[in-house]
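So the protein lines, in turn, are chains A and B. Convert by adding 1096 to the 1-based position in the first sequence; the result is the number in our numbering. Convert by adding 3 to the 1-based position in the second sequence; the result is the number in our numbering.
What the hints contain is simulated information worked out from the structure, not anything from laboratory work. By construction, the Cβ of each residue, glycine as well, lies at the ideal position given by its N, Cα and C atoms. It cannot be assumed that every hint is accurate.
To be verified - Computed list of chain A residues with no C-beta within reach of chain B, every gap over 10 Å:
1. Asn1100
2. Lys1104
3. Gly1126
4. Ser1145
5. Ala1168
Stated by the list, open to error - The list that follows gives simulated cross-link-like pairs (lysine-lysine, DSS-like), each with its CA atoms no further than 30 Å apart:
6. Lys1141/A / Lys1216/A
7. Lys1197/A / Lys222/B
8. Lys585/B / Lys516/B
9. Lys1197/A / Lys184/B
10. Lys1167/A / Lys222/B
11. Lys1101/A / Lys1219/A
12. Lys246/B / Lys289/B
13. Lys1104/A / Lys1222/A
14. Lys1141/A / Lys184/B
15. Lys1219/A / Lys1104/A
16. Lys1197/A / Lys357/B
17. Lys184/B / Lys1167/A
18. Lys1167/A / Lys1141/A
19. Lys289/B / Lys333/B
20. Lys696/B / Lys572/B
21. Lys358/B / Lys1197/A
22. Lys358/B / Lys572/B
23. Lys184/B / Lys516/B
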Amino acid sequence: MSVNKNLKILIVDDFATMRKVIRNLLKQGGFENVVEAEDGAAALKMLKSQQVDFIISDWNMPNMSGLDLLKAVRADDELKALPFLMVTAEALKDNVVAAVKAGVSNYIVKPFTAEVLNEKIEKIVKSLAA
Amino acid sequence: MDHAELRREIDDLASSFLFLEKKEIDIPTAGQLLNQLEGITAHAESLGAVEARRLAGGLTRLLEKVVLEAVDAATGFGLFEQGIVLLQSVADGYCNAGRYDGSIDGFMAALAACLGVPPEPAPGCEAASPPEDATATPPAGDRKEPVRDESLLRDFITEGLEYISEIELNILNLEQEPDNKDYINAIFRPFHSVKGVASFLNLDAIRTLAHDLETLLDKARNEALAVTPELIDLILDGSDTLKAMIGRLRDELEGREATEVIDTSDLVRRIKLAEQGAEQPKQPKKLGAILVEEGVINEEELQKALERSQLPPPRKLGQTLITEGMASPKDVSRALRKQAQQVTDSNTIRVDIKKLDDLIDMVGELVITQSMIRQSETLQALGDRKLLRDISQLASITSELQRSSTVLRMVPIKQTFQRMARLVRDLSKNSGKLVNVVTVGEDTEIDRNMVEEIYNPLVHMIRNAVDHGMEMPEERIQAGKPERGTIKLKAFHRGGNIVIEISDDGRGLNREKIRQKAIKNGLISPSDNLTDQEINRLILLPGFSTAEKVTDISGRGVGMDVVKQAVEKLRGKMDIQSVEGKGTTFVTGFPLTMAIIDGMIVKVGNERYILPTVAIRQLIRPDRAAYNCIVGEAETINVMGRLLPLVRLHRLFDIEPAHANPWEATLVVMEGEKRSKCLLVDEILGKEEVVIKNLGESLKRIKGVSGGAILGDGNVGLILDPEGLFEMAEAN
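Sequences are here, hints too, so could you generate the full structure?
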């Protein structure tokens, strides 16, 4: 079973270049249906107004951090089942454990390649389908 | 929470684990298990189920490692399964017998071997375990793959430079407010983002430097490092270098001749040094600089002497100065001593406040235990003089130990004053007033745990001083005062208290208007003859300023009753001095610590209670005639013309008293927040300074009781809270 490449993916990062990097990596994996938000608050607003299938979010952002976004998503009845992939700089134990406890679907450590990103997405989507 | 509930929680944990479809713990499951373990750890701790707590803690660490991929998933799964089975049998043991007879040591050792940490790490040590580093740097090779996309590079250059200028802006703010976490965060984030993108673009030098700076800031954010001017310089140097590196990248991209490679080694070394918490090696001041500072020589002479010292035969500066007659040997040797002092100045170490609190708690326990030993009847009966002498020696050493350990937690009031000074600046700027702040006694020390507590009431007084006490510049000039007003913050110690005075040279209180208003609000009657001091204190009464806005009164008022209550809650006292037209001074006294209370020990029946001395107005043995009891109404006592309600302590706590008649017993006149009452007790046993003991979570909400203490004779006494007692009496 292969993952539906039409999945609508939301990239959340305050650094525009970073969003572009992830967008490029996703494109290499065949995912082209991508939207962007510049921080957690903007992402949340977007999630309320349009259908998104998958979230890839940075950790450290102004206004609303990735962790707060994750918590808000998990606390929202309509959004709580959404796959959420957290991007962290290093596998800092405190960060990762906090995200895991808050119900993150998986995490990915910067820098990563298109293959690793693809793998993580497939793993998450498959475990949901199972 | 009891053992059965703990058992249920553990069963829940086991079932979420058992229902896993594959023999693999995925991330969302790990999250669920971690949360369950967190609850189990806390409950096992509170039930004293040591084995369960250790197991749950161990399993938590195991799961964390699995999540971080530092432990092989299959191994982790197997161990986790074993651990849960063991945890269940421990819970069974506690459920059935209140203890666990088996041993978990074998499993804990296997776990420790797997986690690569020594078994049973002491609390707080976990963070020090090295494996984090193993995961901190991603395995090289498989993830790296050059992304050399020109348009991405260009985006990075533009955005990166923008971010760095943002850093510069925020760093200036940070310099003003070194403890403002928001500013640290605002600087941390751009470094972090620059690092993230640089890692994708394979810009290793930029990534490394940004990473180092980020780590440094992270430490500052977690208070592992102080934000010093040196640190700020270092960060500024770092951002300059980053900017230069990105600039170089741009030149390269545009085909311009690249400037020489930027050497970051010195910067990196400085960052590493600062990171280790090692103070930047302070450059001791040069001898010449000290002499110039002291006015022994001037700059010109110094230059001349320095040049001469270079000439052969080479001599030291001091020697030159002396031989040339520019400085006396005494001056030079004094300056040399001063220089030596600078180097050895760092005679302090930083200690985690938690460790200090623990130490002080344990010393408190020690004092109590030794006092119990000292009062032991068995021991007294032995009548061994030597033993008794040794024990009294032990007593004096423990109390000395207690005194010196309490001092450990003392910090200067300086930081609080600085915050207040900043507040004055902000407030005066907003209101268009011109105000200077003068501080006196900044080094006065106070218990660190008190610092936060006293801040709020002090802030309110400052607000009052600026908003109401201070006049606008024009008004001040008209009154013949300097245009710029002054607020003075002064702290000093007096009799085991810290006294903080906030004085302004504003318009002062208008006593006539205060009196009029108090009469209008029914607080006093027109015939009352009050001293100036009493009139000043009227503004502290509730109901004084609630009726209307205070702008019609010359100055103070809003919420001063709240301030007074807050001060009294901290067992402090407050007073006001004021001269009309000249200014007002708020005087507040706080105990140096909340850990000890000055108490009056009273006896009712066979029970002893401790009443906080600050709340006691007087002790009386009333005449029979002073006692009034109207059927259906409360009992009252006439205390010097005032009728005060009688509160029978024995009735509140349901004790058989030795004396039920007020004229046979002793009455303690207690002050609550808004009223006074007479407390009926059998007798007064004495005054004692006692160490306050928390009664624990389950007894927290008992009305009328604020804590417990072990008395000198080893008995436990409850510390009573007057306000709570009054409420209890009123409810009856």
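Structure-based check of all given hints:
no. : hint                  : verdict
1   : Asn1100               : holds, 20 Å
2   : Lys1104               : holds, 21 Å
3   : Gly1126               : holds, 18 Å
4   : Ser1145               : holds, 26 Å
5   : Ala1168               : holds, 16 Å
6   : Lys1141/A / Lys1216/A : holds, 25 Å
7   : Lys1197/A / Lys222/B  : holds, 24 Å
8   : Lys585/B / Lys516/B   : holds, 17 Å
9   : Lys1197/A / Lys184/B  : holds, 25 Å
10  : Lys1167/A / Lys222/B  : holds, 25 Å
11  : Lys1101/A / Lys1219/A : holds, 14 Å
12  : Lys246/B / Lys289/B   : violated, 33 Å
13  : Lys1104/A / Lys1222/A : holds, 16 Å
14  : Lys1141/A / Lys184/B  : holds, 27 Å
15  : Lys1219/A / Lys1104/A : holds, 16 Å
16  : Lys1197/A / Lys357/B  : holds, 26 Å
17  : Lys184/B / Lys1167/A  : holds, 22 Å
18  : Lys1167/A / Lys1141/A : holds, 14 Å
19  : Lys289/B / Lys333/B   : holds, 17 Å
20  : Lys696/B / Lys572/B   : holds, 17 Å
21  : Lys358/B / Lys1197/A  : holds, 28 Å
22  : Lys358/B / Lys572/B   : holds, 27 Å
23  : Lys184/B / Lys516/B   : violated, 45 Å
Going down the numbered hints, you'll see the structure goes against 12, 23, while the others check out.
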